[in-house]
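A.B. asks: Residue numbers (this note's numbering), protein chains in the order written: chain G, 22 to 418; chain S, 22 to 418; chain X, 22 to 418.
Hints should not be assumed to be uniformly reliable.
No copy labels: a pair is met if it fits in one copy or bridges any two.
[Unchecked claim] The list that follows gives simulated cross-link-like pairs (lysine to aspartate or glutamate, EDC-like), each with its CA atoms no further than 16 Å apart:
1. Lys380 / Glu172
2. Lys313 / Asp90
3. Lys174 / Glu249
4. Lys416 / Glu172
5. Lys373 / Glu164
6. Lys380 / Glu128
7. Lys153 / Asp409
8. Lys380 / Asp168
9. Lys31 / Asp336
10. Lys416 / Glu71
Please keep in mind that the hints were generated in silico from the structure rather than gathered at the bench.
Since the structure is predicted, the reported quantities are computational estimates derived from the model, not experimental observations.
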Amino acid sequence: MNNIKGFIDKLNQLNYKSMYNNDFILTWEKTFDELQAVFTVADALRYLRENNKSTRIFDSGLGISLFRDNSTRTRFSFASACNLLGLEVQDLEENKSQIAHGETVRETANMISFMADVVGIRDDMYIGKGNKYMRDFSRYVKEGNDDGILEQKPTIVNLQCDIDHPTQTMSDMLHLINHYGGIENLKGKKIAMTWAYSPSYGKPLSVPQGIIGLMTRMGMDVVLAHPEGYEVMSDIEELAKSNASKSGGSYRKTNSMKDAFRDADIVYPKSWAPFNAMEKRTKLYGDRDFEKIDKLEQELLNQNKEFRDWQCTKDMMKLTNNSEALYMHCLPADITGVSCEYGEVEEEVFNKYRVPLYKQASYKPYIIASMILLSKIKNPSELLSKLDKRNVNRKFL
Amino acid sequence: MNNIKGFIDKLNQLNYKSMYNNDFILTWEKTFDELQAVFTVADALRYLRENNKSTRIFDSGLGISLFRDNSTRTRFSFASACNLLGLEVQDLEENKSQIAHGETVRETANMISFMADVVGIRDDMYIGKGNKYMRDFSRYVKEGNDDGILEQKPTIVNLQCDIDHPTQTMSDMLHLINHYGGIENLKGKKIAMTWAYSPSYGKPLSVPQGIIGLMTRMGMDVVLAHPEGYEVMSDIEELAKSNASKSGGSYRKTNSMKDAFRDADIVYPKSWAPFNAMEKRTKLYGDRDFEKIDKLEQELLNQNKEFRDWQCTKDMMKLTNNSEALYMHCLPADITGVSCEYGEVEEEVFNKYRVPLYKQASYKPYIIASMILLSKIKNPSELLSKLDKRNVNRKFL
Amino acid sequence: MNNIKGFIDKLNQLNYKSMYNNDFILTWEKTFDELQAVFTVADALRYLRENNKSTRIFDSGLGISLFRDNSTRTRFSFASACNLLGLEVQDLEENKSQIAHGETVRETANMISFMADVVGIRDDMYIGKGNKYMRDFSRYVKEGNDDGILEQKPTIVNLQCDIDHPTQTMSDMLHLINHYGGIENLKGKKIAMTWAYSPSYGKPLSVPQGIIGLMTRMGMDVVLAHPEGYEVMSDIEELAKSNASKSGGSYRKTNSMKDAFRDADIVYPKSWAPFNAMEKRTKLYGDRDFEKIDKLEQELLNQNKEFRDWQCTKDMMKLTNNSEALYMHCLPADITGVSCEYGEVEEEVFNKYRVPLYKQASYKPYIIASMILLSKIKNPSELLSKLDKRNVNRKFL
């Protein structure tokens, strides 16, 4: 769209009222209209920035970055999103090996939020913990705000939990929308979310789960492929099935990567750890049984090795629709012969798709900023119009 | 007060001229009027922010956060205060185990202050060092400014030293002022600042010292209670006595927690390390005698255990005025059965007072911002009036 | 100059067009006019700030601080420069012991630059690596911008590499320009860049190389002095000779500190490691041969000790022009009897020159800000005029 009016018109057709003053934790808690509002505001913010218009809506205020796992990319995306809106980022570095409990979470949540408009949380290591932590945090700051302790209720944005990775999958989706020229064009496209071999261990399940939980809502034909033993959470598979039947798409699972790739329009080959093993590991961490944790790691690495042929090769890509499926990855990928001896993808395939891969990632700051804006601003249509007109440049001159 | 005029009228009755371009290091270096100016501006800033008026007074500039001890809460309070005024926070992470000396302090002070409007320092570990470090730092940046090296003299704010913890005690006091509906209503109130058992070791003395040094100026009846051997600095006790006699209050010490709690209006039960032991530890660190440091730690932990009954229990609370004393703590508290087996306070007592405890903490960002503002702005009354009128929102729309 | 017009007039006489949208990596890649533009804009920014005029040219945007070596001073200078222009600093902390390769650099460069207007890089540890890293980084973000991934191409500023330290040497030069009342007065001045003893090991070569590569362009008589075996890169020596012959100055090398000090107007005594040893160390790090690295360190420390008499003493200073040469150092200096037993400089000499030394350092934030501004703004003359007139204070009231 080449002016702001297009975005405003689009927004005005959507019902997203309940996003105001609300968190963004799982995509499937949001209506289809609400997801579309996120995409529309993200595109509008990008349009404004590309046209050197300031998108600052906060004169002061903090965005808290709370990572319970290392991350450079998502941390920078969150920082970029906050900066885009005028919030200053403060990092909270917690003891990563310790699982926080009730009273501590409640107190920390309040003590860091006196001036916080948003708290971005990444907590993906322990099954049954990350998502719960976000919800506890959210409840405690709501209470803090109700009790007159906090001047505002900070919005919680899920930057990856044990269940979903909404800022990633929403960026992936916006990439697809722009790639195919509209959300309506995703209908009937076949996407293969498949496991791939990696020499590392314990990668989170949130991406495959998030992808099958989101893409099934677009009327797409979603296939999840993985070797036996690499199951994802069964609840999310049930959700995917139910989504697909409502949206007019389909969902199925296969243990063959080839089966998934055949005639696919989009492939998303990526390693993850088996759900059962991650559940076991969480329990072992709870018991602080580091000997068994090490043993489990060795078992999983050995198990992985049996599936080294689960790789996105040039030959595999030939199976896809017109041999030209769009290759996706949340990055960084394990590239065979580049970052490891055997990995998720062949160098030639990766290189061919580098530009779209980087573009895919480039949506994340705008998606996060959009999620924040829709929670913080009561009338986003009016806001976009005012930002367009207020004549403040991002870069002076 | 429901408009800015009230705060301005209050300010205009006070003489606080010498706060301009000055540091905030110890509360007892400030006049009663100056303390009131801090409370008034803190409340005014909170009023403006609650009414979505921007309190940015800096378009650019840095606030340096210099912590020689770990801290999440005070660090976030300082960051919030800086952000509230438009300063960007930069953390200086120094080698914590090393006590900085003359030339290094002078050079570092200048090298980090080229654009610094404020430097918040926390240095509470070593007796006789922390406060001295702040004063050295202050002297060096004043010289740097006089010599044309620094464009401005950064204000030093004491975020906790070996002697005082003024941002904590001033927040505590503002909490009491608002709780009792005015500073004049503190007269005659009994406050029990008492030691309490904690399974950890070496907690700073700055809170009990700061409390008896400040509360005695309000005409309050201040009682310090601790087991024999847990003395605070004798100078501060002398100061408390002298303050009390001037303010019409009283100061006394007891070795009985019950004696202190009896009929108290306010109780502040909190662990600290004996002054003598801390002095000894400082010497051992100077000698880098880590074997003796470990031995000292063990001795102190054993000594602590003898006083496990120094706990703020429901039964103890019954001794207080109407069984309803206001319970205070600088947080985090050691809660029996929650964060440790035996601690400073029973869970039931803590839970009952959670909301006021969090409110107590919520004043700190405003107290710090007020200290900065009063040092940086020549005419704070005029400033408040202009901030109220300039029609810049904190959150746009 | 006591108004902005002087700076603008000066700028209008210079041709610095090709600085727009360009990096600052080596001083000798820039024309004499371009260097003068950096000095002029740096002075103008300082003038504006001293007169409480806001120099913010960015309403939002990030400055990325990418240090592959520890640094407090340069990090704070970069942070100050970014803040001065309205950019928020984000630190990227990379694994320092690992030398990044192609694909990883390309991906990281893009992933952190979605909102980045400038990336300041310090990478001085490994010969043949640091400078190359900056150029790779620059190429990758240019491609990212061309491919529509990045909204803007971030400017790369070299905050110290294996070859040059342009933000240091340009600050040094601006200090000399202001000290001598104009760049034209540097002609014929003798500067002694000499090695000095330090009890530490492996200090980078970028300062001596940067100084002889820059000062020879000003018509100065540049003498490089060091013990045999402490050679710098021979390419840079060739460059210095060629510069000197063009500028009407001179360049020579000596193995005598006294020879260098005799009649010098400026002395810059500072330790560095021999180029050959650093090359060897880089190879050993590549092989991860830590045993040989430790052995090399010991050899170098022993070799250093033979040259303990290479110290800037009061007696040595008597050899200089009128016994009054300007003493320079990039700080921190190893001061005999203060920071070490034997060091680069006697305490009495250091103390005498402390104020000019700190002033020398105070130019760095402005030099960095100037480099950023000249790359980001198409018409800097017009910008300075508008900043002067727009009536926005740095500090409100």
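A.B. asks: The structure should be examined with respect to each hint, and the outcome stated for every one.
C.D. replies: Against the structure, the hints:
{"no.": "1", "hint": "Lys380 / Glu172", "result": "between (38 Å within a copy, 11 Å between copies)"}
{"no.": "2", "hint": "Lys313 / Asp90", "result": "neither (21 Å within a copy, 35 Å between copies)"}
{"no.": "3", "hint": "Lys174 / Glu249", "result": "neither (44 Å within a copy, 45 Å between copies)"}
{"no.": "4", "hint": "Lys416 / Glu172", "result": "between (31 Å within a copy, 13 Å between copies)"}
{"no.": "5", "hint": "Lys373 / Glu164", "result": "between (51 Å within a copy, 15 Å between copies)"}
{"no.": "6", "hint": "Lys380 / Glu128", "result": "between (39 Å within a copy, 12 Å between copies)"}
{"no.": "7", "hint": "Lys153 / Asp409", "result": "neither (39 Å within a copy, 42 Å between copies)"}
{"no.": "8", "hint": "Lys380 / Asp168", "result": "between (44 Å within a copy, 9 Å between copies)"}
{"no.": "9", "hint": "Lys31 / Asp336", "result": "neither (42 Å within a copy, 63 Å between copies)"}
{"no.": "10", "hint": "Lys416 / Glu71", "result": "within (11 Å within a copy, 23 Å between copies)"}
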